[in-house]
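Quick mapping for you: the protein sequence lines, in order, are chains A and B. Just so you know, we're using this note's numbering here: the first sequence kicks off at 1 and counts up by one. Just so you know, we're using this note's numbering here: the second sequence kicks off at 1001 and counts up by one.
It should be emphasised that the hints constitute simulated quantities derived from the structure, not laboratory data. Every residue, glycine too, gets a C-beta built ideally from N, C-alpha and C. Careful: at least some of the hints might be erroneous.
Distance condition first, Cα-Cα at most 25 angstroms in a straight line; then the derived DSS-like pairs of lysine-lysine [to be verified]:
id	chain 1	residue 1	chain 2	residue 2
1	A	Lys-61	B	Lys-1136
2	A	Lys-76	A	Lys-61
3	A	Lys-76	B	Lys-1136
Covered by chain B, according to a simulated footprint, are these stretches of chain A (three or more residues, beta-carbon under 8 angstroms) [said to hold, decoys possible]:
id	stretch
4	89-95
5	105-119
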Amino acid sequence: MITAEHGAPLVSLRDVRFAYGERSVLRGIDLSVHRGQVVAIMGGSGCGKTTLLRLIGGQLKASSGVVEVDGRDVGKMGRSDLYAMRRRMGMLFQFGALFTDISVFDNVAFPLREHTNLPPSMISDLVLMKLQAVGLRGAASLRPGELSGGMARRVALARAVALDPMLILYDEPFAGLDPISLGIVGQLIRRLNDALGASSVMVTHDVHESLEIVDYIYFVSEGRIVAQGTPDEIRASSDPFVHQFVNAEADGPVPFHYPAPPIDSLLQGVRP
Amino acid sequence: MNAFFGGIVGGLRHIGKLTIDGVWRLGFITRFLFALLLASGQSVRRIHLTIRELYFSGVLSLLIIIVSGLFVGLVLGLQGYDILQRYGSADAVGVMVALSLLRELGPVIAALLFASRAGSAITAEIGLMKATEQLKAMDMMAVNPIARVVAPRFWGGVLSMPLLAALFSAMGIFGGWLITVVVIGVDDGAFWSQMQAAVEFEYDVMNGVIKSFVFGAVVSLIAVFEGYDCEPTAEGVSRAITRTVVTSALAILALDFVLTSFMFRGQ
């Protein structure tokens, strides 16, 4: 595992703020991903972690602050620069987002056919290699509808790495998977990252699986980074938020109750 | 009194909101059309993408178009014969069938059927691709979804609509011939020769083709736009499909009036 600094980071966010209209989602995020690292961004649902991933992929632009990927400011890129960057980027969507009208093989071949002029025989070899890497070469002719959730996630992973990207983004890669699939996907994320010499950013709330495979973790709550560290530091952390998150406690710094007037006022007949 | 004025203000505000929303949407659909046209190069360069859509919206609509065309022709033949024979001009039934189909019923009914068969399917497909993040995934793979998904479907619809309308009219004329000549016994020669003499290629046939082309473009644009713009949920997709069919039907009928008033003013 690579934990030390390796020159300039591949991804760096500096004082990034983001708001949907009036609603502030991210408030001053500083974060960096070094080459070769697998970094997890964790936090409860709706804390702004998926927004972070979209900022890195250039699907959204920060309201202020700088989002840099490989030394270039994503917020200042035009469409063609953005597409040039995305060709070197793979993304795994929450439920795979496979194209349902074509086979598994054609799904993995899609980026190759769109972006390269390789002959069909070579595309076929590359696709089967990627499918072999995720253990699904035998499923090449199936339709996405015939796959289980875990298999679909693995096919999507093969598609995300089809062009050997420098950076792989994962949006909730473990959501809705059974324990076996979850372990497989986790191991694949680590192995593919190391085999390709890529870097990975993973948005998740699955603490235990993530602690096994990542190099560094950022905890996000209410649009801020509230804690960060290596898996060992996180396990040993006495931070109340990290403690609540890692131990899955219902109440703590993240309150159980949605903000409401005190219950006493309700009992006295005062309606909100 | 206050409540009365409050009600009026509320009503006006509602009308204002509807108007502003409508104008917004119109602006958005226009921008969408420009983006679509700018991204259409790929639909030509990779023609197999467009041909595939031509198959889905054109070839798969053949059955409904042929069967409906036949029945419309049968009914026109019966009604036309019933009315014309009162005036002793039953021989002119061929003219009546041909003109009503070529000028009006062919383009309009074929477009209505096209909107409900192919338009709804296009909206559903694009809407579901959006709901399952397939469009976003494509965009993240540096593939423009408007060029790859939307434009070929649009052009497939635009190209197949005039062909379907022509087929509809042809089947209708065949149906009219079948019922009046074969079943009722109108003179075969009179049926065809009067039609040949009365139907002008440019005035009657080409105006009908222009109509069907316009309807095809409008229905296809509405279908791809509603799919692309829908709320990415099951409910949102179902509402988008309904909007496609309803808006298309209204647009077809209103445009038909506008086009007819420009095209057919009596020579």
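Problem - Holds or violated: A:Lys-76 to B:Lys-1136, with C-alpha atoms at most 25 angstroms apart - result: Measuring from Cα to Cα gives roughly 20 angstroms; hence the hint holds.
Exercise for the section: Starting from A:Lys-61, check that the Cα of B:Lys-1136 is at most 25 angstroms away, please. Expected result: Measuring from Cα to Cα gives roughly 16 angstroms; hence the hint holds.
Handout entry: Given hint A:Lys-61 paired with A:Lys-76 - CA-CA distance at most 25 angstroms
Key = holds, 9 angstroms
Problem - Coverage assertion for the stretch 105-119 of chain A with respect to chain B, Cβ distance below 8 angstroms, three residues required - result: Contact hint for the stretch 105-119 of chain A vs chain B: holds, 4 residues under 8 angstroms.
Exercise for the section: Between the stretch 89-95 of chain A and chain B, see if three or more residues pass the 8 angstroms beta-carbon test, and mark the coverage as holds or violated. Expected result: Answer holds; 5 residues pass the 8 angstroms Cβ test.
In summary, this structure violates none of the numbered hints.
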